[in-house]
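Here is how the chains run, residue by residue.
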Amino acid sequence: MTAAGLLIAASVALPLLMALACLWPAFRDRAADWLVIAPLPALLAALLARGGSIVVAPPPLRLTLALDDVGAMLLGGAALLWAAAGAYAGSYLRGQPGLARFAVWWLLTLTGSLGCFIVADMTSFYLAFSVASLAAYGLVSFEGSTRAQRAGRVYMALALLGEAFILLGFVMLAIGAPQGNPLIRDAVALFPAAPLRDPALALLILGFGLKMGLVPLHVWMPLAHPVAPMPASAALSGIIVKAGVIGLIRFLPLEAALPGWGATLVGAGLFTAFYAVAVGVTQTQVKTVLAYSTVSQMGVVAAVLGAGLMTAAPGTALLAGFYALHHLLVKGALFLGVGVVMATGPRHRKLVLAVMAVLALSLAGLPLTSGALAKYAVKPLFGDGLAATFATLSAAGSTVLMLHFLRLLGGAAKPGAETPPAGIVWPWAVVALAAFAGPWAIFGGATALPLAASLGAKALWAALWPIGLGAVLWAGLRVLRLPAVPEGDVIVLADRLAPVVARAGDAVEQADGWLRRWPVAGMMLAGLAAGLSVLLWAGS
Amino acid sequence: MTPATLYGLCAAALVAIGLFGLILHPTPLRKVISFNLIGSGTFLFFGIAARRGAAAGFLGDPVPQAMVITGIVVAFAATALAVALLLRMLEAGAPTVDGPPEQPDDLSP
Amino acid sequence: MSLVVDLFMVLLILTSAVWTVLARDRRDAVIAFIVLGLQLSLVWMRLMAVDVALTEAAVGGGATGLVLLRACARLQPVEAEGRLPGLRAQIAAGLLCAGVGVALAAVILAPAAPAPSLAPAVAAHMDEVGLKNPVTVVLLAYRALDTLLEKVVLVLGLIGVWALAPDLFWGGRPASLRAASPSGTLTFLARVLPPVGVLIGVYLVWNGADHPGGTFQGGTVLAAMWLLVMMAGLGELPETRALRLRRLVAVGPALFIAVGLAGFWMADGFLSYPPEYAKPIIVAVEVALALSIAVILGLMVAGPAAKEPER
Amino acid sequence: MMADATTPGGGLLVLALMLPAVGMLAIFALGLRHAERIAHATLLAGLAVALAVAVKVGQSGQAMTYLIGGWRPPLGIALQADGLSAVLMVMTAVILCAVGVFARGSFSSPRDGAETRRPFVFWSLFLGLWSALNCAWLARDLFSLFVALELLTFSAVPLVCLDGSRETLRAALRYLLFALAGSVLYLMGTGLIYGAYGTMDIATLHHLTRADWATSLALGLMIVGLMAKAALFPLHLWLPPAHAGAPAAASAVLSALVVKAPFVLILRLWFEVAPQPASTPAGAMLAGLGAASILFCSVMALRQARLKLMIAYSTVAQVGYLFLVFPLVMGSAAVTPWESVGWTGGVLQLVSHAFAKAAMFLAAGLIAEALGHDRIADLGGAAKAVPVTVAAFALAGLSLMGLPPAGGFIAKLMLLTAAVETANWWIAATILAGGILAATYVFRVVGSALAEAPEGAGTTAIARSRELAVLALALIAVALGFLPLQPFDYLAIGRGGMP
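Chains as they are written, first to last, in my numbering: chain A, 3 to 542; chain B, 449 to 557; chain C, 7 to 317; chain D, 45 to 543.
Looking at chain A on its own, in the form it has when it is part of the complex (with noise of 0.2 Å):
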């Protein structure tokens, strides 16, 4: 047992230990306060505890903690934004009703999103993820409004959905494995040649795909973003769609060429990009449109992932990863950054803003930006094929989404606002500072290309010229009138079943109170025994 080791199972115990003691009440009612230091622990056990692990429980349990160079740049990135939208959301929420319910809610999906970057046992992994998944619906559903509800119930039924998924695929990945519980790496070792290699990847993909919000199981995003309190909502779209990240990198066989499923992650991933940023200009939410961008950006991720599967390309889970940081930190900033905007008045307005142009830009892979190196980091997986070209105009795709949620953001103002609290200040300013400097600080470590490369002339062109297209499709679309397009747009698909579903609840009931009178349960009485003992004596 190791400090290392010992630093991990910090990072997910401290903020389990402080869930439990919200059972007591003096604790309860002043958690909220603290919830900044719950994801300390993780933080350092990402700059300290590199390459550590941790056997919680010996086979044949094997309840395993490690920590990769993958997993330990994604729970950096996530333990910064939980701590900054942590002590946000203490200030954010002050005085507000149900404060201490939050801090419960907030301090279990911490957990569970945390875990799921450092666990190495697949029972382990499916608990970190079933946490983080479940417990954020007391964060979606905080507010109490009839579009809260909806939005956690459509949340709720995607995510069992999903869970449902990944627990069978699991199952089959794990069958040809000798014993129970295996870890991670050794039951994806045998992937390849596993007999239900196909069903079991297609059910992984869903499920995983479904919790980074691939088209069409994205339709919850948009909803349940928007509707959590400003920091959770940084924490849902920046750290929780990142749990289906970490699942696909952990879980596909990367290191096999998998041809025809990685162009259909390629494909899925790609069209999701462009599907999410056709919905999203439609959006006049400041927050939808931020939702809509998430889905979009994590569509890249889905293909980066699915161009590594195609060719084995090694790195590729460290280059998702890096894509996946960036896109982690600049979207926590900007949903903090939100707020901030919306509290500040005339004064400090245009300085704001201007930090939040940046940001936004950023994500479409503006030169100098973290977002230019990520965009230039994963550039090299896609070959010069067709799918290249789509990946370099999703930048472009990004670049209108941004310029639309820019302009709505100008708008967006409380009246009266003057300074914004501190409290709410620096935690934004501290993310908005990581989610510049982060990613070049680690980008040698993690992406093993020259980083003066990223800043030659061409370098700097690939990355300005889609988004100078972008800028002017944009300039075009605001000419045309945008058709409006409801939040979680085919989720109104789904809207007209619920009659029908609400009918066949009432048959259920009806059925069952038919079933329930005495005459038709004696019968059945009657009809089963006959039945099965002719099904006994037939056959045996």
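Warning: the hint list may mix true and false statements.
Stated by the list, open to error - Which chain C residues face chain D? A few, computed with CB under 8 Å, are given here: (1) 123; (2) 128; (3) 131; (4) 136; (5) 155; (6) 156; (7) 158; (8) 159; (9) 171; (10) 252; (11) 256; (12) 274; (13) 278; (14) 286.
I should point out that these hints are in silico values taken from the structure, not numbers from a laboratory. Glycine included, each C-beta is placed from N, C-alpha and C at the ideal position.
Chain A is fixed; fit chains B, C and D onto it per the hints.
Just chains B, C and D now, kept in the frame of chain A:
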């Protein structure tokens, strides 16, 4: 055909008749009586087995006979409990006929 | 020849059975059921199972019939008869039940040959117990556990019946069994029969060790005598909180368990008896059981407490 | 394994059977003043016996056997504790002890010494029930098992209508009548078995049974009779009102333990009495009913407005999972059924559901006591009033949903694995769908309990010891999730001799 076989067929008929009453009678008292009919038929199955198993100088196998005695007593206790329950329902003002109003006891869906 | 008698018997039984189910009036149904009980005890005689015949007559027909009759009396003024549901349901249920009947008949018509039996095994070990009635030996030795548990069932059943008393009446007397105006005959019988009945009951218990008869039959006769006295208004039912009554109920099962546990020290283990004392021990247990059974049966017929306990 | 002789320490099995019965008689004969004390003393002693049996079975790796009166089956009756029985005994004892602690609050004897109905009836039947359960776990004789089932019914029914309200009386009568119908079918089956084989001893029958019509009909009648007592869909008419109407302490025992006894008997009939290999279509039929139970009654649970009714419907759904094991075990490549993942998963589901459901019903009882009602929609403020209880409910819910790290997760994972291994895709789909539905109905309650209290809603204080008893059960349900994912050797103890 031996008497045992004949009474065995009679037992089968008793079970069928009792089952019919148990399924269809809406009042608990008649259900209890029907249950006792099925029980009587069931006990006769043991009796047939006992009679057919006559051996070792016994005119019937005593083991199933002993089981029937136990069974009869248990059936009595069940009847007494059920009757006490339905009388208590009567006192509490609940209709003992099961079903209405929340669950009419007919077959129409 | 005798088969004709049997066939006639079967027809009688089926008639009673059908009448029991189809009678409009619940009282008719109960009476048909009691008649059926008596017919069945004749069948048990035909099947050479005298012990069962006695039990069926005493408990199956007698005590059960009494319980049902009392229920009828209470229901009659209050509640309408239920009707069987419509023809469609009757046909469906009828076909189903007929199917079950045929399935059972098929088993009866294809008996295992040779018929399996534990009779030789029972006979082989009778000496070790020292009684001559094989059914009693099975009940109190080979399968004593069943018998013991079934006594526990009876006590639980009594608790279940008592549990139905309203809170206010807990511990009080059950509803009086006394007939509205006891006829002279009833009173006369209640004065004359009990001494004889008690004698018969004791005899049945005592006799059960070696001849047909036993605890249930004896206990039921004793219970019947007790109930007769109550119905004639010659005595009152005791309060259910009376500890003496409770101990009478418990004494049989308790002694049985105690003897069983004593077997750990005195014989080969639980519910085994030291060979030389087997018979007296079993008879003692039977007497205690008969007493408890008499009280339990009587109390179950009487029902839960229906009056406030007296101060 | 043939029960040839009493094994050392076999007397413990007798104690397990008789201690509660003696306690019950003592309460009856001595009156209420001592009821609670007698019950608690019996609980402690019985727990010790159960643990001793479990340890002894584990140490020897052999089943414990006791021949009553020294008579060998088929003439006599044998008690036997194999690995499964030992696990069930410990499960029963632990749950009853927790319920015993819980019930002190609601069934305490009055101080002034006058006997009252509710405590007297509760404690005496509570012990009677224990005797019945231990008998069901230990007896190896079909007729003794019949008596055990009757003991169970007679103890359970009056508990249902302890309140004496019209609805509960009616529920109790329905329960009694349907249970009796089940019993009589079971008894009919045993009669046919005796007619065919001349014995009731399970171990003897194991080597005798033939696949003829008499045996098939006997088994069909017995299994369906037991299904009625286990309330498997579509024979569940009696369960929801009965389990919802009983006092919480009784509901917990009924839902957690009582419905399990008939299922365990079905397991024994299927794997130990029925001629092997058992009929595949019949196994599929049982699993089909189980699947229908899961889906149908989960939807019903979702639509209930009252918490206790919801939990009761959830019991029917969860019992459905148990019936999935038949095709999963039969299709497995394991040498004996008890070495298959499906069997282990089924037993684990039984045990973890018992703990989780007991915790849930007790928690529902405390919530209802604290708030004065159990309408799911108005549970706001519960989390503030009884935080430990709501946490216990949520933990127990975790197990029902089949989420890690709870016992229900491991159970469902094993069943799922078995379903995938045997290519029973419809069973896999049902398990997953059932999990989603369970999560939905549990979340509905937890979400409502976490909401703010409505204005002016008063709450009643709850004794901390009772909350902790509930939490303990929920924690055990969760702790079961830390069992390794593989067939357990313990559950196969005592089955070596059976092919």
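Outcome of the hint check:
A least Cβ separation of about 5 Å between residue 123 of chain C and chain D falls short of the 8 Å threshold, and the interface hint therefore holds. Annotation: residue 128 of chain C was flagged as interfacial toward chain D, and the flag holds, the nearest CB pair being 7 Å apart, inside 8 Å. Contact between residue 131 of chain C and chain D, as hinted, is supported at the beta carbon level, the nearest pair being about 7 Å apart and thus within 8 Å. Against a cut-off of 8 Å between C-beta atoms, the interface hint on residue 136 of chain C is violated, since the closest Cβ of chain D lies about 14 Å away.
Because the closest C-beta pair between residue 155 of chain C and chain D is about 5 Å apart, less than 8 Å, the hint holds. Residue-level restraint check for residue 156 of chain C holds (minimum Cβ-Cβ distance to chain D is 6 Å; threshold 8 Å). Look at residue 158 of chain C: its Cβ gets to within about 5 Å of chain D, closer than 8 Å, so that hint holds up. Against a cut-off of 8 Å between C-beta atoms, the interface hint on residue 159 of chain C holds, since the closest Cβ of chain D lies about 5 Å away.
Taking 8 Å as the C-beta contact cut-off toward chain D, the hint placing residue 171 of chain C at the interface holds, the least distance being around 6 Å. With a cut of 8 Å, the hint placing residue 252 of chain C at the interface with chain D holds, because the nearest CB-to-CB distance is about 5 Å. The restraint placing residue 256 of chain C at the interface with chain D holds, with a minimum CB-CB distance near 4 Å, inside the 8 Å limit. Because the closest C-beta pair between residue 274 of chain C and chain D is about 4 Å apart, less than 8 Å, the hint holds.
Given the 8 Å rule on beta carbons, the hint for residue 278 of chain C holds: about 4 Å separates it from the nearest Cβ of chain D. Restraint check, residue 286 of chain C versus chain D: the minimum CB separation of about 17 Å is more than 8 Å; hint violated.
Of the numbered hints listed earlier, those contradicted by the structure are 4 and 14.
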